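So the protein lines, in turn, are chains A and B. For the first sequence, counting from 1, position 113 maps to 113 in the working numbering; every step adds exactly one. For the second sequence, counting from 1, position 97 maps to 97 in the working numbering; every step adds exactly one.
Among the clues, some could well be false.
[Said to hold, decoys possible] DSS-like, lysine-lysine: derived pairs with alpha carbons at most 27 Å apart:
(1) K92/A / K161/B
(2) K88/B / K41/A
(3) K95/A / K75/B
(4) K171/B / K137/A
(5) K155/B / K51/A
For the record, the hints were derived by calculation from the structure and aren't laboratory data. These numbers come from a predicted model, not from an experiment.
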Amino acid sequence: MCETTVAAMAGKPVLYYWDARGRMECIRWLLAAAGVEFEEKFIETPADMEKLIKDGRLMFQQVPMVEIDGMTLVQTRAILNYIATKYNLYGKDAKERALIDMYTEGILDLSEMMLQVVISLPEQREAKISLVKEKTKNRYLPAYEKVLKSHGQDYLVGNRLTKVDIHLLELLLYVEELDSSLLAPFPLLKALKSRISSLPNVKKFLQPGSQRKPPPDMKRIEEARKAFKF
Amino acid sequence: MFQQVPMVEIDGMTLVQTRSILNYIATKYNLYGKDAKERALIDMYTEGIFDLTEMMLPLVICPPDQREAKILLVKDKIKNRYLPAYEKVLKSHGQDYLVGNKLTRVDIHLLEVLLYVEELDSSLLAPFPLLKALKNRISSLPNVKKFLQPGSQRKPPINAKQIEEARKIFKF
């Protein structure tokens, strides 16, 4: 894994993570939606991780880490918030930001549950999948459908595109991957999904060949589990 | 919105989700730094504190037989990951506050977690002089000092009896 931050000096953010969705994918989505080109340095071996830690570039010895505008940022939310502010995807004032944050946190809660399914031990997986489906159907999808119904607008907050529309689209695609029937009772969410998918930057990111990562490969996860001990 | 608390009614909004409530309050009362880069640092430092707090929460509701092992794990992270990270920040700029040379939300979040660390094991803070100094400094700020006094709305550590009662009612 190359040390140089030429890309960072050229003004492009550099993302440090495994070649996997994990906790970095929402950051990739937001950058892509904002039309920002970015570089990626993939962690392939435990030695790669150790080097990052030894060089003091990970404040809490964890990734995701993003080099952007001269900063070495860790913590997904810190990175997302900075990108959203910089590219004007964080609403127009504190009250809009409060709604965006509230809606985003719900999405992150459900995403975390889905991530736990991926990294959980095979024998726990069935039960966790059931839990995720139940929460998706009864708690989360209804909450976002209700928001869209309440104002009848094309975007979740402030009648224009903000970070939370992108987070929601990403989540809805994972819900669909899990079980495509889950979305059926939610017409407004389905409409938003189509609408946001058609935005030029998003459409491009959805195409093959983009930096979007595929669904997890269970074999690779098991290999990573042994190597990185989780 | 998600059938969960905390929930705060503020300025005509009904907000849930801890971070969204905190972010709004910090913005409103000017405790969120002066620009996006300061906010990025504040967010990064805050998230580390939340991760640590999340680790400490289960200790109280954990069954007694698992508690020893979990406490050891948490103490290890406190000692080797979190406290060194924040001591390093203070050392790097030598200022009285974590970000921007003035009080921001993250100084308050840090003080709070340092008090919990002290409750867990007061020796954990010993190797961190700058953190100890910050703890004293922030504790002395008038509003904070008042909140630390008995009779304020600050909540005490949860006790085992309360947890058992809650466990029955809320089924966890």
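Between K92/A and K161/B, does the CA-CA distance stay at or below 27 Å?
47 Å, violated
Hey, K155/B versus K51/A, does the alpha-carbon distance stay inside 27 Å?
42 Å, violated
Satisfaction of hint between K137/A and K171/B, Cα-Cα up to 27 Å:
21 Å, holds
Can the restraint linking K88/B and K41/A be considered satisfied, given a maximum Cα separation of 27 Å?
Holds: K88/B and K41/A sit about 26 Å apart, inside 27 Å.
Proposed proximity, K75/B with K95/A (alpha carbon, max 27 Å)
Answer violated: K95/A to K75/B is near 38 Å, above 27 Å.
In this structure, the earlier hints numbered 1, 3, 5 are contradicted, and the remaining ones agree with it.
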